[in-house]
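Could you build all of it, start to finish, from the sequences and the hints given here?
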Amino acid sequence: MNEKPFTLRSPVQKIGDIIYIPTDILQPYYQFEIRENTTTGAIFLFQDGNVLQKGMIEGNLDQQDNTVHLRTEASIKAPIAADLNKGDSVTILSEQSDWYHVQLDNGWKGFIPERDLILNDVEIIRYESETQTSNIPWKPLGGKINLTWEAVYNKNPDTKSFIDMPGLNVISPTWFAISDDEGNISNKATQSFVNWAHNKGYQVWALFSNDFDPDRTTKVLANYETRLHMIRQLLSYAKLYDLQGINIDFENVYLKDKTNLTQFVRELTPYLHEQNLVVSIDVTIRGGSEMWSLFADRAALGQTVDYMMVMTYDEHWAASPVAGSVASLPWTEAGIVDIMREDKVPAHKLILGVPYYTRIWSEEFIDNKKKTTSKAVSMEAVDKVLKEKKLIPVFDVATGQDYVEYIEGKVTKKIWIENEKSMKARMEIVKKYDLAGVASWARVFGKAEVWEAIKESLEKRP
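For the sequence shown, our numbering begins at 27 and goes up steadily by one.
No lab work stands behind these hints, which were simulated from the structure alone.
Among the clues, some could well be false.
Label pairs and their in silico Cβ distance ranges [what the hints assert, rightly or not]:
(1) 120 with 183: 42 to 52 Å
(2) 216 with 76: 27 to 37 Å
(3) 58 with 474: 49 to 59 Å
(4) 168 with 208: 39 to 49 Å
(5) 416 with 207: 53 to 63 Å
(6) 44 with 134: 21 to 31 Å
(7) 168 with 135: 42 to 52 Å
Glycine included, every Cβ here is placed at the ideal spot set by N, Cα and C.
Put into structure tokens, the structure is as follows:
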């Protein structure tokens, strides 16, 4: 009690010249885990917090039988300790030039060329007493996640200008992005914004972006040390600013980087969980675009992260040759169902991404050819157009939204409107499939009535 040293006695056994101590007595004090290979009897001792990088043998195309030699040193001239087959699992101990120092499940150690190995899952050893539980992602007590993204481009906004946002419980400022080929991360975070959010009762899940740069993304994801460098920075920033989560937003990515992106998320997530941070990732609905949809392995990512934001918007994107809704209700629901059915991502991990913006479409004929352009605007901007032009929207059954059309000179204007009505309909999708919640892009486009509508819909019981 007064911090003076004291002695504990426990039963031991002496067999020959060897003294044996029961491990269950030592484990609570030294927090280690023991594993035994049932075939060889090899014993592995791991300390709490040890990071185990797993790997899988890819195979050696230079060998007729596709075997890979485990060598005693990092050299093709070193003696062969064992032959490994494609699909065999190893634990990577370190990296040396173009070789990995690995350990087999039977306890043997040796070296394997990097080209013959695929990086797999990362495991962090966690000593758990009987009273400890595994990581459980945060969610609001008795309710749904209601997140909004704060788009930060040059500087953080003045929070004094914000309207009330009833029901909001998470805000995700776009603060972090890959800034160069070495994996350095740019930082726009401010402690004052975090303090404001916490005083409002909001969690802060800072967004981490690849800055929409596919070539840079390829370079930083390809190298383990670079990936680890990014992880270290995110952990430091999260601790420095007292964040509660990291939201991963990688878009415009080459299809060839699909595996490396999944691997990076697998490596990052356990570290973030060690700091009790919520891990989420943004994906589009399943589609045919390699760089905006196909590069994301939703099934694998869904098994790793706590939450997956499905960006169900841009059904008709800014440069679409055809005017249309940003996110029609049938298209939105079908996209969510498709991810649950085809990628097996459970509903309790899915967060419905909704647009607070809409597009004013312009159609005109130039040289007998229709030219279609669009402009993204806020909800209040649309309300202003309706008021100034005295327009009365009609309900479009096909999209589940209000719609207006009007003429300016020789230009036909079309707007599929996002408002309280469309948001209530989107919340019905959240409730129908019992999704984890909703995420809105972006706060600046919203209006007071929509915040109230979402809050009321999510709190309303069937």
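Structure-based check of each hint:
1. 120 with 183: 42 to 52 Å: With Cβ atoms ~45 Å apart, the hint holds.
2. 216 with 76: 27 to 37 Å: holds, 36 Å
3. 58 with 474: 49 to 59 Å: Taking Cβ atoms as reference, residue 58 and residue 474 lie about 55 Å apart, which means the hint holds.
4. 168 with 208: 39 to 49 Å: Holds - the Cβ-Cβ distance for residue 168 and residue 208, about 45 Å, lies within 39 to 49 Å.
5. 416 with 207: 53 to 63 Å: holds, 55 Å
6. 44 with 134: 21 to 31 Å: At 24 Å between Cβs, range holds.
7. 168 with 135: 42 to 52 Å: Holds, since residue 168 and residue 135 (Cβ atoms, about 51 Å apart) stay within the stated range.
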